[in-house]
Amino acid sequence: MGVVTANIQDPHWGMYIVWYFFLGGIAGGAYFTAAIADYFGGPRERQMAKIGYYIAWPLTVICGILLILDLGTPSRFLNMLREFKWQSPMSVGAWGLAVFGAFATVSAVLAYFERGPMPVLSLSEADRLRYRRLVGLVGTLAGFFLASYTGVLLGSTAIPMWTESRLMGALFLASAASTGVASIALVAWLRGLDLGETWNRIHRFDRFAIVWEAVLLAALLVMLGGAAEPIVSGRYALLFWVGLVAIGLVAPFVLQLRTGHHSGRPTFALALPALLVLVGGFVLRYVVIMSGPYHG
Amino acid sequence: MAATMTQKVMYTDTTICTGCRACMVACKQWNQLPYEEPEWTGGYGNRSHFSDKAWRFVRFIEVDDPRPSHKGEVQWLMMSDVCKHCQQAGCLEACPTGAIHRTAWGTVDIDQGICNGCRDCVASCPFGVIAFNADTGRVNKCTFCSDRVPAGMPTACAKTCPTSSIRFGDKEPMLEMARARVKELKAQGFERANLYGDSDILGGLNAFYVLADSPSVYGLPERPELPQRNVNLDSALAIASSVVIGLAALVSFRDQGAGRQG
Amino acid sequence: MTTNLIDIQNADVIMITSNMAENHPVGFQWVVRAKERGAKVIHVDPRFTRTSALADIHVPLRSGTNIAFFGGLMAYAMNNDKIHTEYVAHYTNASMLIDDGFGFDDGMFTGYDGDAKRYDRTTWRYQTNPDGSPKRDTTLRHPRTVYQLMKRHYSRYTPEMVERVCGIPKAKFLQVAELFCSTGGPKKTKTGTVVYALNLTQHTNGVQNIRALAMLQLLLGNIGLPGGGVVALRGHANVQGATDLAVLYQDLPGYMAMPLRDVHPDLATYLEKETPKGGYWINKPAFFISLLKAWYGDAATKANDFGYDFIPKREKADAYSQQHIFVDMYEGKIKGFFAIGQNPAVGNPNATLARAALAKLDWLVVKDIFHTETAEFWRAPGVDPKSINTEVFFFPAAPAAEKNGTLTNTMRLIQWHNMAVEPPGDVRSDLHFWYHLGKRIKALYASSTARRDQGIKALVWDYPEEGKHAEPSAAHVLREMNGYVWAPDWKDRVQLKSFGECKADGTTAAGCWIYTGVFPDEKTNRAASRQIDKSGKDYLQHGWGFAWPANRRIMYNRASADLDGKPWIESKALIQWDPDADNGPGAPKGKWVGRDVPDYGPTLAPRAPKNAAGPLKGVGGNDPFIMRPDGVAGLFAPLVDGPLPEHYEPVEAPTRNLLSKQQINPVAKIWQVADGRNEIAEVGSSKYPYVLTTYRLTEHHLSGVMSRQLPWLAEMFKSHFAEISEELAKEKGIRNGDLVEVSTPRGSIKLRAMVTKRLRPFTIDGKTVHQIGIPWHWGYVGIAKGDVTNDLVASVGDPNVYIQESKALLCNVEKAAQQGVA
Ligand SMILES: Nc1nc2c(c(=O)[nH]1)N[C@H]1C(S)=C(S)[C@@H](COP(=O)(O)OP(=O)(O)OC[C@H]3O[C@@H](n4cnc5c(=O)[nH]c(N)nc54)[C@H](O)[C@@H]3O)O[C@H]1N2
Ligand SMILES: Nc1nc2c(c(=O)[nH]1)N[C@H]1C(S)=C(S)[C@@H](COP(=O)(O)OP(=O)(O)OC[C@H]3O[C@@H](n4cnc5c(=O)[nH]c(N)nc54)[C@H](O)[C@@H]3O)O[C@H]1N2
Ligand code: SF4
Ligand code: SF4
Ligand code: SF4
Ligand code: SF4
Ligand code: SF4
Ligand SMILES: [Mo]
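Sequence order for the protein chains is R, L and P. In case it helps, this note's numbering puts the first sequence at residues 18 to 313. In case it helps, this note's numbering puts the second sequence at residues 15 to 276. In case it helps, this note's numbering puts the third sequence at residues 61 to 882.
Isolated chain R, as found in the complex:
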């Protein structure tokens, strides 16, 4: 007989990485959604933006911890910053996470000290808001980066399913937007914030993100063809079709169409699609990461 197998070595990227990709996406997505809303929106949007900043900052910290824990030699995490390599998404990503972390920190601090006395820096409240919006606008770029580079990273490996995936970064970005705004919605609902009309904006944006994600996903599957086997018909098919497509895309899209909101305490109906989107976002990362090196 004699066995000839594909030239694949499993990098053993497991749950740390799945969570990192998922939470990193949320952080980036929540941040850029918040920052754009903060800059271009009205007061309600600014309230919503604060939630986004508050989400992004701790998640960034968690992401850093997850990445360090995933290293074979965690004590050497600083070696990530020994060099900067344009062509290495892992390298650029490490730097990117650091840069994003800086923006997220500044934004979160400025959001926290929106009013009242502020330690260390004595900025006027108006300046604080101005700087926050400006910082946010620039930080949006870092947010986009964090939300999508993980997909580019997969695409630059030699794992067959990943290396054929030209749209993974784009797809992860759409998912990050969707999960980012969903997480804002969820927190808003948890805290019972009356965001009024903004709820509908949130849903509209999320619907758009879902549609965009679905379009990219479809395009990706078409491009992958047979290489998508483990996802569409193989070992991870059930999770993919139910967890991502049905629960993560179709259901929230439909649910959001049916809910309209104008004022008062948010109902669970407003939060449910967000919850489903988050499930879908997690399943996407999980399926993609797990199925890549899977062979046999």
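Accuracy of the hints is not assured; some may be wrong.
[As the list claims (entries may be wrong)] In silico lysine to any residue, SDA-like type, Cα no more than 25 Å apart, as pairs:
| hint | chain 1 | residue 1 | chain 2 | residue 2 |
| --- | --- | --- | --- | --- |
| 1 | R | 102 | L | 125 |
| 2 | P | 594 | L | 187 |
| 3 | P | 373 | P | 451 |
| 4 | P | 230 | P | 825 |
[Stated by the list, open to error] Residues from chain L that keep clear of chain P, each with C-beta distances beyond 10 Å, as calculated:
| hint | residue |
| --- | --- |
| 5 | 150 |
| 6 | 162 |
| 7 | 181 |
| 8 | 253 |
The hints are simulated quantities; they were obtained by calculation from the structure and are not laboratory data. Here a beta-carbon is modelled for each residue, glycine too, at the ideal position from N, C-alpha and C.
Please arrange chains L and P with the ligands on chain R, whose structure you already have, making use of the hints.
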């Protein structure tokens, strides 16, 4: 270890490999790699993948004889596989810490003192060579005997190979030998004989092969490519996606008149 | 072997019948070099192996049908004008006339005694002239010439017959015959070499298999020439040394017969019976008495037959082979046993019998570098240690790297190695063990007056001791083998330079005359010499080690030149006669010169008449085979089972013998063992329908002790397996990796099925015959464990040397319950 050192290569002529696996054992011994539970491959091979404890392994392939003169007969191809020491090396490009580097003699090695075990290189080798070592938390692969070559010694596997199927030496003369060998094999009826690892493959492999049949028969990618070739396009598409999403956010959340406040 | 591994590179065609690439992987580099020079390689093996992978032609042959194949090749050569006529006529006994009483009928040679199951060989002899010399017809036309007898004998071995018996398609046979016989012919221009090992020996006609191969080489004129010869690949690293030094029961060192009690009552009778009238062996008395002198020194005097009576004598000619010993042991005839560097619990045929036999011993000493299955037989799977009464002593042995000494390899090359590290703890060399055991025994018997003990007392046992463990000096042992002018003290012993210096008068001592020259003076150990000639002038590398005899690398090299002493083939010159060479004042001119040490009288001119006296008495100018009394190679040679190789089926065979009514070698040895421990499957058995062969793998070593216990080797092949063709697997519903049970009338073992295209069923006489293959390296100790293949093998033997028939037997295979498949 002068920067001017000539390019060193391992030229493996698979057509004179007897599959004795002395090279595997030599590698394990020189590098003191421990025992690893083998797999049942269904043939003489004891593994079908590299691992952190097996930097070289012999592939045994039972096929129909590629020579038209031997139609209908069985042929047993053997190939001692190893890190290709690519001139365009996916692992090296991926490595964020700089642990993976090119040596003065053109090969690719990992500095165990720098590697932090992120495993991006593992995913980025088109040949599935590098493997994670759970004991050290770092990754391993063939070092091209970087603890022998600077001392003027051939690699341990090449030194051991009884038929000199693996030859160690300077790049140019070895490539010449390999090209001549392909011609000979073609004349002997191996119509698909080829040199795998001339400059057409990843800029040239410092561990190159003469094969009796197509690369895929040996489980090698026919046309491996540098995985990082995708970075620019993927990034552009991600940026485009960002623009779309960004505009959607802008449209969704922009202040629609009246309530605009300072 | 007649030649040298390095010389294989000069061959134009190489016919390998063993599994050389796997079992002699380092020597195989010379086959690869020959291939690179354009040589063609033929591999004859029932299986497609790693040797076949590098061959140009693979010839699948049913195990045990080698003589049918070689006979077919000989017939082809003789019928198609492929013999090297002049060589055959003058350098072999093809031209001798054979006694009119000799004949052959339907599988039997003249003189068979059915009751005694042996041949009376009196008619298997030459017709002689009045002066006693053989009658000869160098035109080879006389009907009683060996050549004409052979021609008739092998006329039955047609390509069609080869196809029916061996399962080799006729077209393939003809292709091989044409290719290999292209190295012969009256106007020979090429040379061919043949390679064999156990593939030919482990049969009940093992010796005749080898003879057939050698005869083919003689017919083609391939022996003695560069790129020719018979490459006999040997086994263990030092098995050549072991046979040189008489590990075989019928020999004394240097291939002199172990005396028989009744045949050789005293020295004079021994020498009279054992010394031929012509050829180099006429010097045997000098070698033999030098041997006695080396052993008994001053106690060996002319008056006491040089201590001839001290040597134990054989009672029977054939009772002491490994197989005999274990059958005797099982029958309780043996009380104690030393297993020093062997593992019969796994390696012996009928290994269940071997282990049962060990249990009948009072004591067993195992000295080994690992714990072996033999040392652990009392707790083998299924054995209750309480039921074993044998006392087992285990002595840790130092392997080669931990001691000084020599190994003599397959090309008779004696190579010295130095100790690399001190053996740890209680580990001692085998030399240390035997030497100190000998010293203690001598001390115990020091005061004995019994006649039988006098040899022990007389034994010279004076190797200098070195180091803190009183290690005897291996260099002095080698000096003794080389020989010296006898003197009681080492300091007075002057080393002999060549065996020509051995004397029959008791003035010289030589422990193994063929080794003389390896230590020509007390400072020069040629076995330790490591000179390499890179210029290409000395391609045989005479500066590396020392090859016996006399550092000669290619034996019978006189045969590389024609009757005038000129090379048969200019490009394949080895030695040749230089008529103008000056031999010093007064001496006639002319001597043999060339690239090797002449295997000949250095100044014995071509066409010279036979010497009437001197060390080469009976040898003339055109008699290259100087060890033979008639100076020529023996195509016709009376072994116990016939003067010409004849095909018989293995003792267990799937078919009747298609060549004659005689099914098996009529004198093959089949042991009758009590308790049904050696049942034999009948011809064409339906219960055991498949041919089974056993063999080795590169990654493991013999009984596996030295490889299954080493992690790096154990992981290369961990599971024991049987190679099974896809066709048989399909018939039996067996998938690759399944656990299967293979059984013979002796036992059954469980192992994994390796289903492969590399084995294919044979068509034998129109019927499909399946063959399966099982490597035999596994046992119950170590990292890689498995059942013992030899539990399947029978206690049967070749009648000349009693080697087991482990290459061809019958078995059954069935899918087993799939438990514990890793
Ligand atoms: N790596 C390694 N090398 C070794 C050894 C080892 O254990 N491991 N053992 C050493 C020893 S002690 C010895 S004696 C030698 C033995 O060397 P080999 O003789 O080469 O050894 P085997 O593998 O026993 O048998 C050789 C081949 O004979 C084939 N065969 C079976 N029946 C027949 C037949 O009737 N005709 C022909 N032509 N072929 C047949 C088998 O399929 C097998 O491939 O190897 C030595 N070298
Ligand atoms: N079925 C089947 N059976 C066979 C064969 C076959 O082809 N098929 N082949 C046969 C052949 S050719 C052979 S040679 C025999 C071999 O059979 P064995 O000789 O019984 O087998 P080995 O495993 O070689 O045993 C040699 C032992 O010597 C030990 N040893 C190594 N070096 C030293 C040393 O320096 N000193 C001491 N004291 N011990 C040492 C090793 O550890 C090992 O245990 O098997 C025979 N049996
Ligand atoms: S074969 Fe793989 S590990 Fe080796 S240099 Fe190329 S990319 Fe790196
Ligand atoms: S695992 Fe080590 S060698 Fe590989 S990419 Fe990461 S830091 Fe570099
Ligand atoms: S070059 Fe050295 S490290 Fe690489 S496979 Fe050969 S022996 Fe192993
Ligand atoms: S040592 Fe040489 S011949 Fe043996 S398996 Fe390795 S490459 Fe092949
Ligand atoms: S084990 Fe020793 S004797 Fe056997 S092939 Fe290797 S080097 Fe030669
Ligand atoms: Mo052997």
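Legend entry - Assertion that residue 253 (chain L) lies outside the chain P interface [Cβ separation over 10 Å]: Correct as stated: the minimum Cβ-Cβ distance to chain P is 49 Å, above 10 Å.
Legend entry - Interface-negative label, residue 181 (chain L) against chain P, beta-carbon threshold 10 Å: holds (12 Å)
Inset, instruction - Say whether it holds or is violated: residue 150 (chain L) keeps its Cβ farther than 10 Å from all Cβ of chain P. - result: holds (19 Å)
Inset, instruction - Would you check the hint for residue 102 (chain R) and residue 125 (chain L), treating anything up to 25 Å between C-alpha atoms as holding? - result: holds (17 Å)
Inset, instruction - For the pair supplied as a hint, residue 230 (chain P) and residue 825 (chain P), confirm whether the alpha-carbon distance does not exceed 25 Å. - result: With a Cα-Cα distance of about 13 Å, the restraint between residue 230 (chain P) and residue 825 (chain P) holds, given a limit of 25 Å.
Legend entry - Pairwise hint evaluation, residue 451 (chain P) against residue 373 (chain P), where the allowed Cα distance is 25 Å at most: Violated: residue 373 (chain P) and residue 451 (chain P) sit about 29 Å apart, past 25 Å.
Inset, instruction - Check the non-interface label on residue 162 (chain L): least C-beta distance to chain P beyond 10 Å or not. - result: holds (19 Å)
Legend entry - Given pair status - residue 187 (chain L), residue 594 (chain P), alpha carbons within 25 Å: holds (21 Å)
Checked against the numbered hints given earlier, the structure breaks only hint 3 and satisfies all the rest.
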